[in-house]
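Protein chains: 2
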Amino acid sequence: MQELKGIGASAGIAIAKAYRLEEPDLTVEKKNISDSEAEVSRFDEAIARSKEELEKIKEHALKELGQDKADIFSAHLLVLSDPELLNPVKEKISTDSVNAEFALKETSSMFVTMFESMDNEYMKERAADIRDVTKRVTGHLLGVEIPNPSMISEEVIIVAEDLTPSDTAQLNREFVKGFTTDIGGRTSHSAIMARSLEIPAVVGTKAATGTIQNGVTVIVDGINGDVIIDPSAETVKEYEEKHNAYLAQKAEWAKLVNEPTVSKDGHHVELAANIGTPDDVKGVLENGGEAVGLYRTEFLYMGRDQLPTEDEQFDAYKTVLERMEGKSVVVRTLDIGGDKELPYLQLPKEMNPFLGYRAIRLCLEEQEIFRTQLRALLRASTYGNLKIMFPMIATVNEFKEAKAILLEEKEKLVKAGQAVSDDIEVGMMVEIPSTAVIADQFAKEVDFFSIGTNDLIQYTMAADRMNERVSYLYQPYNPAILRLITLVIEAAHKEGKWVGMCGEMAGDEIAIPILLGLGLDEFSMSATSILPARTQISKLSKQEAESFKEKILSMSTTEEVVAFVKETFK
Amino acid sequence: MQELKGIGASAGIAIAKAYRLEEPDLTVEKKNISDSEAEVSRFDEAIARSKEELEKIKEHALKELGQDKADIFSAHLLVLSDPELLNPVKEKISTDSVNAEFALKETSSMFVTMFESMDNEYMKERAADIRDVTKRVTGHLLGVEIPNPSMISEEVIIVAEDLTPSDTAQLNREFVKGFTTDIGGRTSHSAIMARSLEIPAVVGTKAATGTIQNGVTVIVDGINGDVIIDPSAETVKEYEEKHNAYLAQKAEWAKLVNEPTVSKDGHHVELAANIGTPDDVKGVLENGGEAVGLYRTEFLYMGRDQLPTEDEQFDAYKTVLERMEGKSVVVRTLDIGGDKELPYLQLPKEMNPFLGYRAIRLCLEEQEIFRTQLRALLRASTYGNLKIMFPMIATVNEFKEAKAILLEEKEKLVKAGQAVSDDIEVGMMVEIPSTAVIADQFAKEVDFFSIGTNDLIQYTMAADRMNERVSYLYQPYNPAILRLITLVIEAAHKEGKWVGMCGEMAGDEIAIPILLGLGLDEFSMSATSILPARTQISKLSKQEAESFKEKILSMSTTEEVVAFVKETFK
Chain W
1 MQELKGIGAS
11 AGIAIAKAYR
21 LEEPDLTVEK
31 KNISDSEAEV
41 SRFDEAIARS
51 KEELEKIKEH
61 ALKELGQDKA
71 DIFSAHLLVL
81 SDPELLNPVK
91 EKISTDSVNA
101 EFALKETSSM
111 FVTMFESMDN
121 EYMKERAADI
131 RDVTKRVTGH
141 LLGVEIPNPS
151 MISEEVIIVA
161 EDLTPSDTAQ
171 LNREFVKGFT
181 TDIGGRTSHS
191 AIMARSLEIP
201 AVVGTKAATG
211 TIQNGVTVIV
221 DGINGDVIID
231 PSAETVKEYE
241 EKHNAYLAQK
251 AEWAKLVNEP
261 TVSKDGHHVE
271 LAANIGTPDD
281 VKGVLENGGE
291 AVGLYRTEFL
301 YMGRDQLPTE
311 DEQFDAYKTV
321 LERMEGKSVV
331 VRTLDIGGDK
341 ELPYLQLPKE
351 MNPFLGYRAI
361 RLCLEEQEIF
371 RTQLRALLRA
381 STYGNLKIMF
391 PMIATVNEFK
401 EAKAILLEEK
411 EKLVKAGQAV
421 SDDIEVGMMV
431 EIPSTAVIAD
441 QFAKEVDFFS
451 IGTNDLIQYT
461 MAADRMNERV
471 SYLYQPYNPA
481 ILRLITLVIE
491 AAHKEGKWVG
501 MCGEMAGDEI
511 AIPILLGLGL
521 DEFSMSATSI
531 LPARTQISKL
541 SKQEAESFKE
551 KILSMSTTEE
561 VVAFVKETFK
Chain E
1 MQELKGIGAS
11 AGIAIAKAYR
21 LEEPDLTVEK
31 KNISDSEAEV
41 SRFDEAIARS
51 KEELEKIKEH
61 ALKELGQDKA
71 DIFSAHLLVL
81 SDPELLNPVK
91 EKISTDSVNA
101 EFALKETSSM
111 FVTMFESMDN
121 EYMKERAADI
131 RDVTKRVTGH
141 LLGVEIPNPS
151 MISEEVIIVA
161 EDLTPSDTAQ
171 LNREFVKGFT
181 TDIGGRTSHS
191 AIMARSLEIP
201 AVVGTKAATG
211 TIQNGVTVIV
221 DGINGDVIID
231 PSAETVKEYE
241 EKHNAYLAQK
251 AEWAKLVNEP
261 TVSKDGHHVE
271 LAANIGTPDD
281 VKGVLENGGE
291 AVGLYRTEFL
301 YMGRDQLPTE
311 DEQFDAYKTV
321 LERMEGKSVV
331 VRTLDIGGDK
341 ELPYLQLPKE
351 MNPFLGYRAI
361 RLCLEEQEIF
371 RTQLRALLRA
381 STYGNLKIMF
391 PMIATVNEFK
401 EAKAILLEEK
411 EKLVKAGQAV
421 SDDIEVGMMV
431 EIPSTAVIAD
441 QFAKEVDFFS
451 IGTNDLIQYT
461 MAADRMNERV
471 SYLYQPYNPA
481 ILRLITLVIE
491 AAHKEGKWVG
501 MCGEMAGDEI
511 AIPILLGLGL
521 DEFSMSATSI
531 LPARTQISKL
541 SKQEAESFKE
551 KILSMSTTEE
561 VVAFVKETFK
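Residue numbers (the working numbering), protein chains in the order written: chain W, 1 to 570; chain E, 1 to 570.
Capping the alpha-carbon separation at 30 Å, the derived lysine-lysine pairs in DSS-like fashion look like this:
no. : chain 1 : residue 1 : chain 2 : residue 2
1   : E       : K124      : W       : K349
2   : E       : K551      : W       : K494
3   : E       : K349      : W       : K5
4   : W       : K444      : E       : K549
5   : W       : K494      : E       : K549
6   : E       : K494      : W       : K549
7   : W       : K551      : E       : K403
8   : E       : K340      : W       : K340
9   : E       : K549      : W       : K549
10  : E       : K566      : W       : K444
11  : W       : K551      : E       : K400
12  : W       : K549      : E       : K400
13  : E       : K349      : W       : K124
14  : E       : K63       : E       : K318
15  : W       : K566      : E       : K444
16  : E       : K340      : W       : K349
17  : E       : K494      : W       : K494
18  : E       : K551      : W       : K403
19  : W       : K551      : E       : K497
20  : W       : K349      : E       : K5
21  : W       : K566      : E       : K400
22  : W       : K340      : E       : K349
23  : E       : K549      : W       : K400
24  : E       : K444      : W       : K549
25  : E       : K566      : W       : K400
26  : W       : K206      : E       : K349
27  : W       : K400      : E       : K551
28  : W       : K497      : E       : K551
29  : E       : K494      : W       : K551
30  : E       : K551      : W       : K444
31  : W       : K497      : E       : K549
32  : W       : K349      : E       : K206
33  : W       : K549      : E       : K497
34  : E       : K349      : W       : K349
Listed next, with one range per pair, are the computed distances between beta-carbon atoms:
no. : chain 1 : residue 1 : chain 2 : residue 2 : range
35  : W       : K549      : E       : Q367      : 36 to 46 Å
36  : W       : F564      : E       : E495      : 20 to 30 Å
37  : E       : Y472      : W       : K124      : 29 to 39 Å
38  : W       : P348      : E       : E106      : 27 to 37 Å
39  : W       : Y344      : E       : Y472      : 21 to 31 Å
40  : W       : E368      : E       : D82       : 47 to 57 Å
The hints are simulated quantities; they were obtained by calculation from the structure and are not laboratory data. Cβ coordinates follow ideal geometry from the N, Cα and C atoms, glycine included.
Here chain W stands alone, though its shape is the one from the complex (with noise of 0.2 Å):
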């Protein structure tokens, strides 16, 4: 028996056979060909295959996976027609005189590299796409097949270096149990499919494929990122019953769906998610959220080389809130810069970009982009419940700068004869110290708080969440992070305004009993947190959780708080 740690990106144990899906020998050598005419038309030839391959799992994949998931292969379609790609390849065909294989792997490696270096999600994602496409391709050309996980017919689980979007696009669940990769972490795609499919997958185990032999069993414990490679009976009954516990309380879960979030004694709270595109909508339904606590609108931004018209912006709005059906929706204004460039404004390098120009500091000075966004939120407002919020406020001026900006943009709506609703409520969210320390003056002029504490951990330790060798501070449970919490919700409840949380602590289970005794009011989370956490809090007294409020506060560090609660709230 062997075990391996990994990331555990998708919920849930699977017990079965390994399944290696061996990556195919698809070593390319150079060789010089004579006939350039003939080569291109093979390399045609090629991309004619790969494309009605790709239209096949397309269409599995619209099938059992959804829009968005076979939008991914409607993106690798693109790329085979992409002349940006093509003719370079068909270029150094004939004037290098050199077979396809060899033509295709240089030019499409310099893509790679290219998307790889920048520093951005969006765009190494786009890198995985290439390296998909060019494997398909290569195999092709090289006559070589190309593994096709759709056509196992026995209970398995799938052991990889890594799954290519076309390859998770074809598990079929129905005998795909889990699966478990070499590299890769909770946003790579296969870590996303896993999630949707609700397949138990643990990625980034660096050694998969070198310890895991074909058609040895293993388990993958989804949720704790453990792999264990031929297991003692012992042990697998031991899984199995921990896979039967899962099961169990994903059906106590379940039948919390379309109940409201209310506390042993009675007191309610409410549960809302935090999505970036329209389409997360659906998760968020189905998962029991009240409401969307965040909804953060950089992506319409990121992943092209322009602005978002008003109308492109005004249509994602608008099918958000009507989705929601009068539930609330929350709306971050712009906040790009940070870690989320956007290469086509050209802002800047900054030796300190989480301290620098982003969000709010960058919409009151480039108007234009702000009052474009806010244009298109107001039209928008009559849609459904519409809340605003601005991101990286530091000062009282600059919300009041921004709220200004908003009813002046609003004002000349209306008197365009537009139709604008009444009662959006306007907020920020609290993520920088500052406004934490006089939260009493802010909420003088806000509707509402909603803390990001993401960030309010990282300004508040000075420590950047990103950067591997200070992560021992991001300290959620430390108590200045609960003090400065406890300062928000005391001054917006004194003005009769709501606070809500939309950092990952939220959807945390050591600190949602802490976040009830503070009288946290809304709980925003990644949507698959929602059920576990109103099943957590329906077992929590609020009474109970607020007595222990000063000893927890009066403490001095994170580990005094962890073992604290862990032990009062078994």
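Use these hints to put chain E onto chain W, whose structure you have.
Here is chain E on its own, set in the frame of chain W:
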């Protein structure tokens, strides 16, 4: 009459005729030469004559400005005998058979670009030295007279693009009443020299040489950074009065050199100085400093290619402690990373260095560097009144761990028979917001706090203080900052501990009344700010300042606080 705006680099007002320090025309053309041997000896000849001149300037600087200013010319003399510069020039003359001027120009500009590309203040100064030396040698090669400010024999104000170290070293205070340059800032050579010579100076005007003609009357106001060209009689009179008022004020300040710092109602606080090298102690004592509130030890590590030895550090700490003659010296342990890089440590490039692996984070990880510094400090402790503080502490555990390492090293030294003082106070910098928010927890562990407001403001407002685009958020008077400072002072005093401040805010005339009212015990600032601060405090009543505490802390913006303080403490 015309006005220019620049940076007030050295206080005081000067009125005199303009003396343009013309940059000699040193344009160099590439010429092919036949006899390279003769050309090399022509080059050697020019080097020799430059050395002679520099020896004379060094002597003059030693007499007029003291050792550390003279050291600059030792550095220049070193450059003139540095084979790494000279050999490539001679090789270029022989291999490319080009004239010495061209060979020198090519080689030195390569070095200048390399040094200037290093994001490090010290290396940029090295670039200025090489440019200065190259100018001198090229002058000799071209037979062009380099202007020699020491030849000036009437009262003048020097007007130049920039003043090289050798220019400023030759300034004869008897005639040179002040100067103004196009480029440079508060920390450039010329500014530092002007302050030592106490010659009024305005740098960074961008337009001095472009606007001011030789012989025209010029007023230089080094306090406000203003330059007035061809002033009316009335303006001259106005500035003469300002000049006399400034001299009177300086005389008033001078009376308090050896006086304690006491408010109008008898409350004593300690005014200390921030220093970077042992040579700075002279300025501390000359300006009536009661202690060193911050000894930045990173200068010992910079501008070299390996770590300083334990003995090198011991010598530096011992010298400072001895020169301070029993007055307290608060030494900050190593604070590198962020904008202070040590190339020889090869630390990984970080996306946000100010939120990264720096200071105590690095020292707790790479303990040998930390332990070496602590041993040097402990050994020096018997030579004066040493206090030690750790920078960039974020959690209580970090402080406990750092203090445990100090006590471990102390135990080892004592066991080995080394004398170590028994009353070394151990404290910490409060510059990370978390430590201010739960200052009551830290106050149980430390002997004192020193509030590092430069970084505290930066993290609390999430705005990089070196980034011009967000500099408006660097707000020392923001009520959030003042409330954090209050938390720290109240927490410390409750535990019977003292609180100092070593950010720029401590010497700021708007902040001083507020800080006095909040109960700050020690104000540590640049030496030249001490006497003005002592004078200001002597006219303030602590009780009166304290009575405004609640009012100020309940304000919502910086602007409100500044207006109130200006109005109340006129």
